[in-house]
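Below, each chain spelled out in residue letters.
There are 2 protein chains.
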Amino acid sequence: MGNVDYVYPPANVEASPRVAIPPQQPFITTIKNSLKETFFPDDPLRQFKNQPASRKLVLGLQYVFPIFEWGPRYTLDFLKSDLISGITIASLAIPQGISYAKLANLPPILGLYSSFIPPLVYAMMGSSRDLAVGTVAVASLLTASMLGAEVNATENPTLYLHLAFTATFFAGVFQALLGLFRLGFIVDFLSHATIIGFMAGAATVVCLQQLKGILGLDHFTTGTDMVSVMRSVFSQTHKWRWESGVLGCCFIFFLLITRYFSQKKPKFFWISAMAPLTLVILGSVLVYLTHAEKHGVQVIGELKKGLNPMSFGDLVFVSPYLSTAFKTGIITAIIALAEGIAVGRSFSMFKNYHIDGNKEMIAFGMMNIAGSCTSCYLTTGPFSRSAVNYNAGCKTAVSNIVMAIAVMFTLLFLTPLFHYTPLVVLSAIIIAAMLGLIKYEEAIHLWKVDKFDFVVCMSAYFGVVFGSVVIGLVLALALSVMRVLLFVARPKTFMLGNVPDSMAYRSVEQYTNASNIPGILILEIDAPIYFANSNYLRERIARWIDEEEDRVKASGESSLQYVILNMAAVGNIDTSGISMLDEVKKIIDRRGLKLVLANPGSEVMKKMNKSDLIEKIGQEWIHLTVGEAVGACKFMLHTTKSDPVKEEPGTWNNV
Amino acid sequence: MGNVDYVYPPANVEASPRVAIPPQQPFITTIKNSLKETFFPDDPLRQFKNQPASRKLVLGLQYVFPIFEWGPRYTLDFLKSDLISGITIASLAIPQGISYAKLANLPPILGLYSSFIPPLVYAMMGSSRDLAVGTVAVASLLTASMLGAEVNATENPTLYLHLAFTATFFAGVFQALLGLFRLGFIVDFLSHATIIGFMAGAATVVCLQQLKGILGLDHFTTGTDMVSVMRSVFSQTHKWRWESGVLGCCFIFFLLITRYFSQKKPKFFWISAMAPLTLVILGSVLVYLTHAEKHGVQVIGELKKGLNPMSFGDLVFVSPYLSTAFKTGIITAIIALAEGIAVGRSFSMFKNYHIDGNKEMIAFGMMNIAGSCTSCYLTTGPFSRSAVNYNAGCKTAVSNIVMAIAVMFTLLFLTPLFHYTPLVVLSAIIIAAMLGLIKYEEAIHLWKVDKFDFVVCMSAYFGVVFGSVVIGLVLALALSVMRVLLFVARPKTFMLGNVPDSMAYRSVEQYTNASNIPGILILEIDAPIYFANSNYLRERIARWIDEEEDRVKASGESSLQYVILNMAAVGNIDTSGISMLDEVKKIIDRRGLKLVLANPGSEVMKKMNKSDLIEKIGQEWIHLTVGEAVGACKFMLHTTKSDPVKEEPGTWNNV
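Quick note, the sequences are listed as chains C and S, same order.
Following UniProt numbering, the numbering of the first sequence begins with 1 at its first residue and continues without gaps.
Following UniProt numbering, the numbering of the second sequence begins with 1 at its first residue and continues without gaps.
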């Protein structure tokens, strides 16, 4: 600035408070705080503070096993409600379990096993009152497609079964570890848009798979993508069975009608809940009476009587397929967690109680570890079953216990009844359930509110439908993460103007009536200043100044003299960002302008202080608000205008 | 809120301006703008606007070949300066080129070839006036370690050479494409901290590799990590040659002394620039006179006379090693770009001219494509050589042309002179150059200003030194990206208070004297609200309210009634974020409190509007500033206190 001597500070500006440098904290405290916010944002240990040791023990027990917390307060009224809802969900769980086990290419009986042990574990450890535990279609499909890519379930059923148990074991361990190490936020990276697209895609794929059952085909592709399924279906049109097809369509129609009715009149929730079991009974009786199984209608066949056999010895840890089982476990674990946690959270919102995501993960993990040792495969909290549970008026996790007992009875005494159940019924049950997962109106909402979310959703959908489940998931995840990175790499910068009748300075884009101040350019940076954006920001700020100078020159206003950077939205800054500010300061100086900062946050002040940038910019050029910065600049403009030095214009532009 | 009937709006608040919903823009405009900001932040086509076609052609030519822009303005004075600096850097380029080619396990003559063609290409296409083109140690080392892992340079020199050309070709194509598609910002993801750590690590590794030359060892490990190098060195202590070691140490000492002297007195820059060539001449004369090459002192040996042979036919595109060449090309390309662009940018900052990163990438790409066809390997703008160029007073890229001509003369007439140059001289030159890359004082600065950047820097360093160059790079990159993701996944939330003598509301953590307002909790969210943080934010806000209610209860202040969310720093929001706000609104309602928003930005208002959240919250509860929101709340507190309904406290807490 050479010979321009500022008369500073003017009396009226000095009165306003200074921007504070936050009090220095020891390094260890900073680390501790940031770790705490990262891993313990919900502060789960708060209730343990200032309690005697015995109380701590009780609280700890209640923390790990919430049943000890609500158990003592359990009443007869609760039991009545839980009995009704438990029996309702059992009637849904039995046919669904069998169907999904078929979908996973596993013995149908596994679906019943999986509705017995895991719900009992969850009832003790879970904190949701509405979640009904069971297998889910998407995880079943994933198991089939990922394990099936390595081992053929028909040719090598024992190995396939053992790998499925092993995958379930890994899934359980992974889930429990995520919860234990408080890494639950990893699930948050599956955004709402991703899940909608992914679920709809998976539902589409599952429905397509059911064409096998509906059309009564013997041979079918092992691929899950639309192209191979369609090729497989239309290459054997001569083998289609119209009887099976007609039956299937009628069944689906029946299920959809009952669901529509139940949705219209929530009091009759049990109609849609009972419908699958009704169909199973109807179908089985029909087949038994007409001996249709001898005329090509495929039936479930023999189901072994008896409770879950132990399967701990079946887990294979030394196998060429170990990595397949591991990968399957991890991916199904994440998908299952995403669904289970979202379901638990939604219902807890309705009933206004709190769910600890990390604790839920431990519960899910333990239930899957226990399941893998007792002939179950991956379970979680499916939405459909939990919604029925909620509608049936469940009060606590006891409804899961009731369901488990009902399934136990089925396993002990009723399995022979399923011998004649036609497969087409199972296919119809799956399709009807899946159609509810395709939420096109949600996709329309995404399009309306946020185009990028819509793109993420669609990429997940088409990735799953035309590629594979994993491709869809990775695609959507990559896009979502890219969005976050792009937000930081290309932060928005705004020009601010004074909102009329107000002291506030806001984006002239948003407030079209905001007016700019002659001689002063006010910019706002809308993201943390990090390595990823420091080069961009430097160039962008330079361009703002260029454009403003061009505009001023064209309009003949008084020339630009101050650049105010509003740092209110700059949440953090790193060393690249500090260098950037330093360079911006130099660029602005070289143009004969003056850099003024407004409202830097605590992180920014801390780091500017440590790197001596505050001195370079000058403490007196850092203001609490944009308004104050503008006031100070206006004062200076006024002073320098009457300053004789200003009469040589060269001093401003040639320095 | 049931029966509490708000008398709203109060007259004094109504007067203040409303938060604006930004004017609706057509979807296509939004897309266009955001693409423009992402890929054309520097608006490179601005100068073409409103120009006649012939002028556009000239401008276009000047854009692609900046030499047409500055060429016509070239003066004799410039030539004088460029001659001096060109000859100076040639004297550095010749020994360095030979040394680095040896480091890459390539024939030494390639180092000279690479200082001939690429500088000529850069002189025409590059926009930096100070960059001196040449090979660099780190990229040479990378080539050796990545290609060497697949093909042994000693056993199969031809294949190795051809793969090196192919890798250079891929690197050039990749660099040019990055520039062409305006993806230069990818390089920005290599943060300053990453580069410091990475460069220091690579320098350490390169120095360790030179122990072979210094100690005169014949056999040496192909690994680059410290453990294998140390094992290799100390397993053959009996083969160490003390003569060579002593000579090497003297040479290094000489080079360091001259550099130290030149740094102290920048006028004598040429002393340090000439030192390597002096050493080469001295060493060669010494060996020639004493016939030391017959007594075990390794020398360069025969160097072919003549200019670069064409190597276009040597590029191998059908080979089992193609993927290795491709990978090597991509990684060396990124590293080379990072160094070259950073160097170009730094010097343009000093001299106050503009460099277009994307254009530079195209220039680098073209120079490497041309190089790969004329027996050169990867070149970029090394810092050491460019600094010498700058200090020697270069004016334009003509200094590169001068250097190229000097190297051409060397190739045509002087190569036999290098026959007796001892390898230990080359090792000394490399070590002396590398020691300058270990910037420990920068690492200390990182530690002081930003601990996380220090961790990133150290992980890059140790990753390179104990793992490999790629491991170090990936580690640092992953940590840097994780930091960005973590910033978004765990945004800061602050409690705000009124700064004394001001209308401003700021974090009570930063402004320890800021005071809170009884009955009102003011929170600020410091990041965009995305899927990755919406769950966290919901829980965190709930915890803030819990803590505030506990505090209020303990202190006996008037009970909490309003929660103001300051959205000033929320730069963007997605559909998950909108749902989160909706849920927060419900949570707050259920506690009998009222949610008030202050200063939502344009993106937030746009999406809240589209999703009807504005109606749910109520337009009258969205204010322009925190101050106005507080004013409105205070007014309501005052009104409801005298309201008879408020005398039943139950209505507030039991709804």
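No wet-lab data here; the hints were simulated from the structure.
The reader is advised that the hints may include incorrect statements.
Pairs involving identical chains hold if they fit within one copy or between any two copies, as the list cannot separate such chains.
[Said to hold, decoys possible] Okay, derived cross-link-like pairs now, PhoX-like style, lysine-lysine, Cα gap no bigger than 25 Å in a straight line: (1) K294 <-> K305; (2) K439 <-> K586; (3) K451 <-> K304; (4) K265 <-> K553; (5) K212 <-> K36; (6) K359 <-> K492; (7) K49 <-> K80; (8) K553 <-> K32; (9) K451 <-> K610; (10) K610 <-> K351; (11) K36 <-> K634; (12) K586 <-> K448; (13) K610 <-> K359; (14) K32 <-> K451; (15) K586 <-> K395; (16) K80 <-> K294; (17) K448 <-> K351.
Hint check:
1. K294 <-> K305: Only inside one copy: K294 and K305 sit 24 Å apart there, 90 Å across copies, limit 25 Å.
2. K439 <-> K586: between (54 Å within a copy, 24 Å between copies)
3. K451 <-> K304: Neither: 52 Å inside a chain and 62 Å across chains, both beyond 25 Å.
4. K265 <-> K553: neither (70 Å within a copy, 44 Å between copies)
5. K212 <-> K36: neither (52 Å within a copy, 49 Å between copies)
6. K359 <-> K492: Between copies, since 24 Å is at most 25 Å while 38 Å is not.
7. K49 <-> K80: Answer is neither: 37 Å inside a copy and 78 Å across each miss the 25 Å cutoff.
8. K553 <-> K32: neither (53 Å within a copy, 28 Å between copies)
9. K451 <-> K610: between (41 Å within a copy, 12 Å between copies)
10. K610 <-> K351: neither (49 Å within a copy, 28 Å between copies)
11. K36 <-> K634: Intra 45 Å, inter 34 Å, cutoff 25 Å: neither.
12. K586 <-> K448: between (44 Å within a copy, 23 Å between copies)
13. K610 <-> K359: For K610 and K359, the Cα distance exceeds 25 Å both inside one copy (40 Å) and across copies (36 Å).
14. K32 <-> K451: between (39 Å within a copy, 13 Å between copies)
15. K586 <-> K395: between (67 Å within a copy, 22 Å between copies)
16. K80 <-> K294: Close neither inside one copy (44 Å) nor across copies (101 Å); limit 25 Å.
17. K448 <-> K351: neither (29 Å within a copy, 49 Å between copies)
Figure legend: structure checked against the earlier numbered hints; hints not met, in rising order: 3, 4, 5, 7, 8, 10, 11, 13, 16, 17.
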